[in-house]
Amino acid sequence: AQSVTQLDSQVPVFEEAPVELRCNYSSSVSVYLFWYVQYPNQGLQLLLKYLSGSTLVKGINGFEAEFNKSQTSFHLRKPSVHISDTAEYFCAVSDQTGANNLFFGTGTRLTVIP
Amino acid sequence: DGGITQSPKYLFRKEGQNVTLSCEQNLNHDAMYWYRQDPGQGLRLIYYSQIVNDFQKGDIAEGYSVSREKKESFPLTVTSAQKNPTAFYLCASSIADGYEQYFGPGTRLTVT
Numbered sequence: 001a002q003s004v005t006q007l008d009s010q011v012p013v014f015e016e017a018p019v020e021l022r023c024n025y026s027s028s029v030s031v032y033l034f035w036y037v038q039y040p041n042q043g044l045q046l047l048l049k050y051l052s053g054s055t056l057v058k059g060i061n062g063f064e065a066e067f068n069k070s071q072t073s074f075h076l077r078k079p080s081v082h083i084s085d086t087a088e089y090f091c092a093v094s095d096q097t098g099a100n101n102l103f104f105g106t107g108t109r110l111t112v113i114p
Numbered sequence: 115d116g117g118i119t120q121s122p123k124y125l126f127r128k129e130g131q132n133v134t135l136s137c138e139q140n141l142n143h144d145a146m147y148w149y150r151q152d153p154g155q156g157l158r159l160i161y162y163s164q165i166v167n168d169f170q171k172g173d174i175a176e177g178y179s180v181s182r183e184k185k186e187s188f189p190l191t192v193t194s195a196q197k198n199p200t201a202f203y204l205c206a207s208s209i210a211d212g213y214e215q216y217f218g219p220g221t222r223l224t225v226t
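Note that the protein sequences, when read in sequence, are chains D and E. For the first sequence, position 11 (counting from the first letter as 1) is numbered 11 according to the working numbering, and the numbering increases by one without interruption. Take any residue in the second sequence, note its place counting from 1, add 114, and you have its number in the working numbering.
Heads up, some of the hints might be wrong.
[To be verified] Here are some, though not all, of the chain D residues that point toward chain E, as calculated from beta-carbon distances under 7 Å:
id, residue
1, Phe34
2, Gly43
3, Phe104
4, Gly105
Derived from the structure by calculation, the hints contain no laboratory data. Just so it is clear, CB atoms sit at the ideal spot from N, CA and C, and this is done for glycine as well.
Please work from the sequences and hints to get the whole structure.
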């Protein structure tokens, strides 16, 4: 089975500063990796995904993530955050064996301070 | 526009009553899912369905039931057996196993 650990439950950062949201996973098989964003009282929106190929993945809203197999990590980064980036961010993993479940981390609340 | 709709956005019920949450998708996805979200926790899988007329229990299926009579629809019933039903419920769908899931806007259920 897979599991996901998001090391920081809350991350405050000043506007226009860079940010990194950390995600580590555990799996005995090859995985697909995802980052989702959730704004208050809304569903989840896919930010980016890693299925195969280049380990640096670019997503929407200027976010990117790097898959590091040796460290089993998939950290999310943005070089300069905006007020509108304030939201909850979830890392998720699924395996490549055909099982259809996504396993989610507990989320990181990003708060951008003006 | 293609997408997933959940209705209603907010739902209030008295304890002891069953309640059904609607989820409809027009993305032509085969797989559909129901998650529960509580403050400070990730999403927990309640039920999922890979094809019509077939579904499987997730991690927290007790006190819930589902049906999948049509590809587009996957309603969730929260029964009176669910000990703590107040939560935010999210429906999702995906084109195939292991691929990204697309989420609806959610239904916030409050039981008093």
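Outcome of the hint check:
1. Phe34: Result: holds, 6 Å to nearest chain E Cβ.
2. Gly43: Hint holds; Gly43/D Cβ to chain E Cβ min 4 Å, cut 7 Å.
3. Phe104: Since the shortest Cβ distance to chain E is 4 Å, the answer is holds.
4. Gly105: Constraint on Gly105/D satisfied, holds at 6 Å.
When the structure is compared with the earlier hints, no violation turns up for any of them.
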